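Colleague: Sequence:
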Amino acid sequence: MTAIPTARRLDALILEVPRLATARLLLREPRADDFERFAANAADPVARQHIGGVLDRAEAWRRFHSMAGQWMMQRVGWWMVEEPSLGAIGTVGVFRRETGPELEIGWSIDRPFWGKGYAPEAAQASLDFAADLPGGERIIAYVGVTNAASCRVADKIGMKREAEVDFYASKHWLYVRTRS
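With our numbering applied, the sequence shown has no gaps in its numbers, which climb one by one up to 184 at the end.
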């Protein structure tokens, strides 16, 4: 067996994460130099108020790395959302939880970039990607019942509010998009 240089192996793994382009954004693999922005958003109490609360740096580090790891384990995962002139401005993902087989999407745009339409643009791209995957007939998103901004995003990308559910001990709306 011939050893492959580490950098080459990592490049090959990175190539497994599909890149998606929208009119203004690039959805791409997480990179080591994205971590500081990711950690800053994870520590922002306003940005995290509807998605589980503030994360300390160690937990942010773990979650940042799990974003990339999901691609290897499930062939779905989280992208960095990049605006070319600004760099990474958030995350968006297609994933499966341990609680069930359904494809789920989620999004989190860093607070300095709120209100510019980046969340629906990135979420739409991830939803379209998910629709072409096995299981893409029904795609879900959980949105906190008090998270009006993310409810608007779900509405804008054509998801329908199906029910109020208890999700990890808090009330959420279950949004669904089914293939017709």
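There may be inaccurate statements among the hints.
Stated by the list, open to error - Lysine-lysine pairs mimicking DSS-like chemistry, simulated, CA-CA at most 27 Å apart: (1) 164 x 175; (2) 175 x 160; (3) 120 x 164; (4) 160 x 120.
FYI, nobody ran anything at the bench for these hints, they're computed from the structure. Every value quoted in this text rests on a predicted model; they were computed, and no experiment measured them.
Colleague: Hint by hint, note whether the structure agrees.
Modeller: Going through the hints against the structure:
A hinted pair counts as satisfied when its Cα atoms are at most 27 Å apart, and residue 164 with residue 175 qualifies at roughly 17 Å. The straight-line distance between the Cα atoms of residue 175 and residue 160 is roughly 21 Å, inside the 27 Å bound, and the hint therefore holds. Distance hint between residue 120 and residue 164 is fulfilled; the C-alpha atoms sit about 23 Å from each other, no more than 27 Å. At most 27 Å may separate the alpha-carbon atoms for a hinted pair to count; residue 160 and residue 120 meet this at roughly 14 Å.
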